[in-house]
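Participant: Modelling step: build the complete structure from the supplied sequences, incorporating the hints.
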Amino acid sequence: MAACACLTAAVVHWIYRAFPMKKLAIGISVLITLALMAWGYYQAIYVAPNDAMQGEIFRIIYYHVPSASVAFLFFAVSLVGSIGYLASRREHAERAQMFDAWALAGAEVGVVFCTVVLTTGPIWGRRAWGIWWTWDARLTTTLVLWLIYMSYLLLRRFAAGPQMQTLAAVLGIFGALDVPIVYMSNRWWRTQHPAPVFGGAEGSGMDPSMLGAFLWNMLAWFAWGVLILALRYHVERQHQKIAAAEAQAALNA
Amino acid sequence: MDPTAILDHQFRVAAYIVTWVIQLGYLAWLGTKWRAQKRDAGRAGGLDHPGKSPAR
Numbered sequence: 494m495a496a497c498a499c500l501t502a503a504v505v506h507w508i509y510r511a512f513p514m515k516k517l518a519i520g521i522s523v524l525i526t527l528a529l530m531a532w533g534y535y536q537a538i539y540v541a542p543n544d545a546m547q548g549e550i551f552r553i554i555y556y557h558v559p560s561a562s563v564a565f566l567f568f569a570v571s572l573v574g575s576i577g578y579l580a581s582r583r584e585h586a587e588r589a590q591m592f593d594a595w596a597l598a599g600a601e602v603g604v605v606f607c608t609v610v611l612t613t614g615p616i617w618g619r620r621a622w623g624i625w626w627t628w629d630a631r632l633t634t635t636l637v638l639w640l641i642y643m644s645y646l647l648l649r650r651f652a653a654g655p656q657m658q659t660l661a662a663v664l665g666i667f668g669a670l671d672v673p674i675v676y677m678s679n680r681w682w683r684t685q686h687p688a689p690v691f692g693g694a695e696g697s698g699m700d701p702s703m704l705g706a707f708l709w710n711m712l713a714w715f716a717w718g719v720l721i722l723a724l725r726y727h728v729e730r731q732h733q734k735i736a737a738a739e740a741q742a743a744l745n746a
Numbered sequence: 495m496d497p498t499a500i501l502d503h504q505f506r507v508a509a510y511i512v513t514w515v516i517q518l519g520y521l522a523w524l525g526t527k528w529r530a531q532k533r534d535a536g537r538a539g540g541l542d543h544p545g546k547s548p549a550r
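These protein sequence lines map, in sequence, to chains D and V.
Counting from 494, one number per residue, gives the positions in the first sequence under my numbering.
Counting from 495, one number per residue, gives the positions in the second sequence under my numbering.
Keeping only pairs whose Cα atoms sit at most 27 angstroms apart, straight-line, the calculated DSSO-like set for lysine-lysine is:
#, chain 1, residue 1, chain 2, residue 2
1, D, K734, D, K516
2, V, K532, D, K516
3, D, K734, V, K532
4, D, K734, V, K527
5, D, K516, V, K527
Among the chain D residues that face chain V by a calculated CB cut under 7 angstroms, a handful are:
#, residue
6, R552
7, I553
8, V605
9, T612
10, T613
11, I616
12, L724
13, V728
14, Q731
Simulated from the structure, these hints should not be mistaken for lab results.
For glycine and all other residues, C-beta sits at the position ideal for the given N, C-alpha and C.
Facilitator: Dropping the structure here:
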């Protein structure tokens with residue numbers, strides 16, 4: 494997960510560096526992502542068969558599970574950014590700001606994907622289990638994860654002063670500790686949420702006729718997430734530069 | 495058509511619509527924020543795109 498987070502951060506950083514001068518590269522990235530989304534949708538609706546037990550409602554998996562995976566990945570990006578910020582804030586101010594922008598972008602886009610998980614899950618659960626919500630370990634730890642990162646975003650929005658970024662980085666690190674707990678929850682405890690499809694007990698896994706659609710949607714949502722993350726990172730870096738320019742102007746006045 | 499299948503279809507469509515509303519809603523908010531920031535950057539004298547700064 495940490496390696497994936499570093500790779501994602503590297504991709505985002507490359508897109509960000511390319512942003513001011515290589516609009517063609519950005520345009521191509523957007524086109525590829527949109528094509529992947531359309532192809533993923535086609536695979537999910539027209540190629541993959543209905544599930545033998547759940548019927549069409551099972552197709553929610555093609556949006557629900559990739560969203561959860563991307564949310565976990567982006568919370569890991571936020572973790573790397575938070576650690577990087579704390580490690581470099583004294584000696585390398587500019588690098589620390591870059592890490593801080595990563596931390597914020599990862600947390601915010603991660604919350605968006607986690608919100609998708611927490612809304613599509615109950616819709617699926619209502620049909621599959623007959624209930625919208627239950628306080629089992631998987632659902633509860635996911636909700637706690639969402640609440641931790643919402644508090645992170647609210648802290649960043651409303652707190653002021655030089656300590657805000659440090660406090661946010663510490664909260665970001667503690668928030669990321671919930672990610673492995675969410676992932677392992679349906680392995681450690683008996684839950685209403687189904688057992689893991691991948692990497693679960695013997696006999697777990699997905700039928701090959703559905704696996705292609707699932708992997709295409711994983712790739713599509715990952716590409717979509719990286720684009721949004723890159724844009725959010727760019728906006729935050731611009732915000733930092735504007736704030737620094739205004740502070741300098743105020744000093745000069 | 496089987497009423498169970500109709501309900502399954504409606505719930506699946508609802509889940510897909512909710513997903514896209516959340517994603518596109520966030521993208522729209524981010525786009526608005528980005529545009530406002532470009533305006534601010536122009537007022538501050540331009541940062542990354544000085545040649546395109548509306549203040550110049």
